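Chains B and A, in that order, give the protein sequences.
Per this note's numbering, the very first residue in the first sequence carries number 1; after that it's consecutive.
Per this note's numbering, the very first residue in the second sequence carries number 1; after that it's consecutive.
Read the hints as simulated data drawn from the structure, not as lab findings.
None of these values were measured; they are calculated from a predicted model.
All C-beta atoms in this analysis are idealised placements derived from N, C-alpha and C, irrespective of residue type, glycine included.
Don't take every hint at face value.
To be verified - Beyond 10 Å from chain B on every Cβ pair, some chain A residues (computed): (1) P41; (2) A57; (3) F60; (4) R101; (5) L109; (6) E118; (7) R121; (8) G126; (9) V129; (10) V150.
Claimed, not checked - Here are the computed distance ranges between Cβ atoms for each label pair: (11) P111/A to P130/B: 19 to 27 Å; (12) P104/A to E596/B: 31 to 39 Å; (13) E464/B to P33/A: 24 to 32 Å; (14) R208/B to E115/A: 56 to 64 Å; (15) E42/A to R368/B: 50 to 58 Å; (16) H585/B to A62/A: 34 to 42 Å; (17) A105/A to D495/B: 44 to 52 Å; (18) A105/A to R368/B: 14 to 22 Å; (19) P136/A to G581/B: 51 to 59 Å; (20) P136/A to D458/B: 17 to 25 Å.
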Amino acid sequence: MDSGIYGVHGKILRVNLSTGDSQTAPIPQAIARRYIGGIGLGVWLLLREAPERYEALAPEAPLVFAFAPLAGTSLNTSAKAAVLSKSPLTGRLNDAMISSGFALSGKGAGHDAIALSGACREWSTLFIDPEGVELRETPELAGLSAPETEASIKERWGDDWDVVSIGIAGENQVPFATLTHDGRHAGRAGTGAVMGAKRLKALAVRGREMPPVADPEALKVLRDQLKTASLGPGTEKYRTTGTLGNLLVFNSMGILPTDNFRAGSDGRAEGLSAEGLFEAGRVTRATCADCMIGCEKRFVNSDGSTTRMEYENVFALGSLLNIWDMEIVMAASALCDKFGLDTISTGGTLAFAIECVERGLLEAPGLRSGDGAMLLEAIPKIARREGYGELIALGSRALAERVGQGSMDFAPHVKGLEIPGYHPAALQTLGLGLAVGTRGADHNKSGAYDLDLSGEVDRFQLDETRIAAMVGLEDQAAVIDSLILCKFVRRALGDLYEDGAEMLRALTGIPYSPAELQEAGREIHHLKKWFNQRQGWLETEDTLPARFFAAAGANGGATDEGAGEGAIEGIDPTAFAKARGRYYHLRGWSPEGRFEPGPELAESLVG
Amino acid sequence: MTAVAKPQDDRKTGRKTGGPAGVAGGAAGGISPALLARLAPETPVKDAAALRALLVARGFCAGDAPAISLELYGGLRLRTGCEVLPLKAGTVGAALEALRRIFPAAERLLPADGELGEYYRFSINGKTVTTDLGQPLAEGDRLILFSASVGG
């Protein structure tokens with residue numbers, strides 16, 4: 001029977017984990033249209049479900065899974081879902097993404113989003129399919145890794161379940177614990193800890209109840225066009241070397257963070273290069289569901305097992321710690337996967353702690369730069385919160401608060417989220433993007449490195465002329481994350497807003513226009529900002545650590561005497577302040593960076 | 001410049017290859033053994049200068065242009081087996097043209113000139129980024145050719 005709704009289900013599922021009760025509720029059509037799905041719908045739902053101010057790990061803290069209009073259409077790279085919560089690491093919005101079968105089965109289970117609240121009495125697994133919702137106590141799964149949990153659930157209850165689960169770090173509420181599905185992670189800012197605080201070991205979904213498509217023929221044409229474009233030069237890097245192809249280029253351009261961001265390059269970087277591993281036959285390939293790009297490259301370990309090989313993992317567990325042995329770095333990455341730890345925060349916090357030890361600010365015997373054995377020993381300790389692992393499990397900001405003595409100046413974070421593998425002083429537009437990011441230092445939400453490396457701006461300086469383009473990239477990211485498509489197809493698309501509107505028209509029958517989609521990106525960004533303001537955002541958070549500014553002085557700035565080979569000039573703080581002011585202005589916020597929601601938005605969040 | 005031919009086996013071990021290219025200013029790196037075998041099967045090419053001279057002699061680049069080095073990464077490096085190509089080129093476009101002629105296999109990865117800037121970028125000495133094929137080069141410049149898809 002034709003429901004009159006195309007492309008989406010038009011409803012959400014709420015589950016109270018304290019009681020096991022569940023209920024469905026309609027999504028107002030105006031909301032579904034305005035915020036699209038995925039991250040857009042998810043952040044609106046999180047705002048609606050959450051108290052005005054709350055603790056990230058409290059029972060009442062919502063955990064939202066939001067599915068996307070394009071998921072299930074076989075449009076290339078569309079098998080993605082959003083996971084949203086307040087981050088226990090940052091105290092701000094955590095809008096994460098997760099890929100592959102879970103995104104398809106989650107939508108196929110019959111809802112556009114799932115909002116969890118409350119906490120289970122015992123370690124449990126939540127099962128959702130079109131037949132209903134069941135919360136089962138599964139204490140026997142506690143202590144297992146996420147892959148073991150996934151395998152156990154499939155073996156016991158059937159292979160048609162797609163599972164997201166947490167490892168030991170999530171159980172122990174490490175604030176940068178991941179949530180895992182099929183070896184992929186909603187990795188950053190601690191979704192795993194939020195699930196752990198709810199004693200929810202896993203969420204299993206299954207189903208094939210995809211909503212009807214308004215214009216299947218038009219969608220098929222678009223699908224074929226995207227397929228062709230996806231195999232062109234716009235995705236060549238991802239198809240050939242994967243993201244690790246960044247590493248040597250970044251090293252050659254002073255962008256590769258090394259030694260806790262004290263430098264942007266190192267002569268030993270070749271040891272971590274994708275190119276060398278391919279030539280040595282140490283790489284296999286894999287893909288997410290519904291993806292033809294296949295960016296996933298897997299390192300073949302000495303024992304024949306494979307480990308996912310991503311630029312961010314290798315930078316964070318390699319160059320940032322002065323570890324240049326790929327066998328060690330991949331072993332560390334596999335451990336992070338096993339225990340369910342975000343690699344960037346793990347490496348970033350370790351690098352910071354090591355510098356504290358070197359400066360005599362922290363006593364942690366065993367923590368040493370460049371020590372692979374130390375790294376492999378540290379990861380289980382962090383996940384289990386044992387020994388010095390308890391300190392690293394704080395994250396770099398909280399650890400700096402504990403250490404004091406000026407250490408915050410070189411703690412590599414924004415809003416508590418550790419900085420990814422792009423040296424902010426070598427990519428200064430991105431540096432600003434990380435500083436104002438609603439999630440903290442998240443390179444997936446800003447994308448301003450595209451500007452820095454466009455040839456149109458001087459990446460070693462900041463000025464106000466480029467800020468409109470930077471805002472535009474943020475809005476584009478919000479739309480891509482709401483449709484959802486992988487950002488790796490962005491160069492395969494012609495105009496994101498035209499192409500996206502065309503896809504949504506074919507899928508939903510709603511006459512989306514490119515301008516409407518562009519406005520949606522802006523509105524979604526406002527929602528994120530508002531969430532943060534409700535949780536206590538302050539203007540002082542929208543900055544970078546002092547290390548990255550030109551006048552960093554004695555605290556290890558890039559221009560300090562003694563800064564090593566590969567050191568780079570810092571950011572001009574005056575130019576940074578002006579550029580940030582311009583950013584607030586273009587966002588339509590107050591000079592202090594505050595967003596004032598209109599009555600329509602406020603009304604949409606009640607009732 | 002100190003670019004030298006680097007045995008294939010060294011690259012397979014993943015050992016480091018010289019200085020932090022772009023910052024310390026001393027790019028060293030491997031030159032495709034296949035290229036050397038193709039260009040000079042009888043005469044060993046001992047260093048970058050010799051290879052550059054050979055490429056000029058074979059008509060791949062102009063003898064009166066500045067001596068530069070073109071660094072290749074990712075798919076281009078894998079396809080050509082070449083980390084650093086010593087060339088003579090007065091502009092970015094001339095270096096690109098030389099690359100295309102020396103390695104026809106790279107052509108499949110490189111869009112036409114008019115589209116190149118959409119997908120690839122050049123960096124001169126690890127600092128200036130450009131898509132302008134007319135950008136002049138100077139003696140000793142390091143030219144880095146990299147994918148515009150830098151996220152991940």
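| request: Tell me, in ascending order, the numbers of any earlier hints that this structure violates. | output: Going through the list in order, the structure violates hints 5, 6, 7, 8, 9, 10, 11, 12, 13, 14, 16, 17, 18 and 19 and respects the others.
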